[in-house]
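Colleague: Taken in order, these protein sequences are the chains called A and B. Counting in my numbering, the first sequence runs from 1 upward without gaps. Counting in my numbering, the second sequence runs from 1 upward without gaps.
Just so you know, these hints were derived from the structure itself, not from any lab. Don't be surprised by glycine CBs; every beta carbon is placed ideally from N, CA and C. Each hint should be verified, as a subset may be incorrect.
[As the list claims (entries may be wrong)] As a list, the in silico DSS-like pairs of lysine-lysine whose alpha-carbon atoms are at most 30 Å apart:
#	chain 1	residue 1	chain 2	residue 2
1	B	K87	B	K67
2	B	K66	B	K87
3	A	K135	A	K23
4	B	K66	A	K135
5	B	K19	B	K66
6	B	K87	A	K32
7	B	K67	A	K135
8	B	K71	B	K19
9	B	K71	A	K135
[Unchecked claim] Across the chosen pairs, the derived CB separations fall in these ranges:
#	chain 1	residue 1	chain 2	residue 2	range
10	A	E20	B	Q16	25 to 35 Å
11	A	E26	B	S56	14 to 24 Å
12	A	G31	B	P9	46 to 56 Å
13	B	G20	A	Q12	20 to 30 Å
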Amino acid sequence: MGLGSRSTIGRQSLQRLAEERLKDFEVLCAGKRYAAAIYLGVYAVECLLKAHVCRALDLDELPETYRSHHLLTLLLHSGLNRRIQREPAVFENLKKLDGMWNPADEERNIRYIDDPVRYGETQASSVRVWMLNPKGGVITWLRSQL
Amino acid sequence: MASQPTVDPDLDQVCQALKGMFRSPDDCRVEVFHSSGPYLRAIVVSDEFENEGAASRQDRVWEHLKKSALKPDLLTRLFGVHPYTWKEFREEFQET
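With the rest of the complex left out, here is chain A (with noise of 0.2 Å):
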């Protein structure tokens, strides 16, 4: 047990877990559910990140000190925040998956908002997107650096 804090998760399981969670985003975007996949498709980019702080602290697990939400946090934690400065399409995408996901306010969060217009059809398109594309994916990038 690492860091003197209860273990949770380890990088493996959050690799998969990321994977589940986008395959989750394409069935509910499918059933137009798109606020619950937005939700999913940006925990599976989570997930990711955490994935990569286990990789980059050499740990199995990650250690309940990293349970956060907050993607700029786990990015410099990731040891890839240079990295992804030379891909200013992916920071960008990343950017505005973290405009979407955390709150301006930590005791407000905007992840249980559910308005049909700010978390639309369209809007999960655009996450695909972000996400997806094969250049500038947020996903995309982070799979090929693990």
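We have chain A already, so just place chain B on it with the hints.
Modeller: Coordinates of chain B only, in the frame set by chain A:
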């Protein structure tokens, strides 16, 4: 002598760049603040986001910033822009 509030020039530059995306800058509110390490975040409030989805807002914000005169290093440091309409902002921040 009363002390003047200190204006962080980096925050102010990002604030001005974000205000530049609106037709009516006087009707918007932009707050730029420090995040982890050297990074910055921003809350942007304007009714020009009305009937616009979350993804489209993000696209518009970042397209504008890329074309703005904002220095590349500041653009890199800006991580996370959170756009709201005034109604959404009041609901989420319970501001009366």
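Colleague: Compare the structure with each hint and give your call.
Modeller: Verification of the hints:
1. B/K87 - B/K67: Distance of about 28 Å is within 30 Å: holds.
2. B/K66 - B/K87: Given pair B/K66, B/K87 holds - Cα atoms ~28 Å apart, limit 30 Å.
3. A/K135 - A/K23: holds, 20 Å
4. B/K66 - A/K135: holds, 18 Å
5. B/K19 - B/K66: With Cα atoms ~14 Å apart, B/K19 and B/K66 stay inside 30 Å; holds.
6. B/K87 - A/K32: Roughly 26 Å separates the two Cα atoms, so the pair holds.
7. B/K67 - A/K135: holds, 21 Å
8. B/K71 - B/K19: holds, 16 Å
9. B/K71 - A/K135: OK: B/K71 and A/K135 at ~24 Å, within 30 Å.
10. A/E20 - B/Q16: 25 to 35 Å: violated, 44 Å
11. A/E26 - B/S56: 14 to 24 Å: holds, 21 Å
12. A/G31 - B/P9: 46 to 56 Å: About 49 Å separates the Cβ atoms of A/G31 and B/P9, which means 46 to 56 Å holds.
13. B/G20 - A/Q12: 20 to 30 Å: About 46 Å separates the Cβ atoms of B/G20 and A/Q12, which means 20 to 30 Å is violated.
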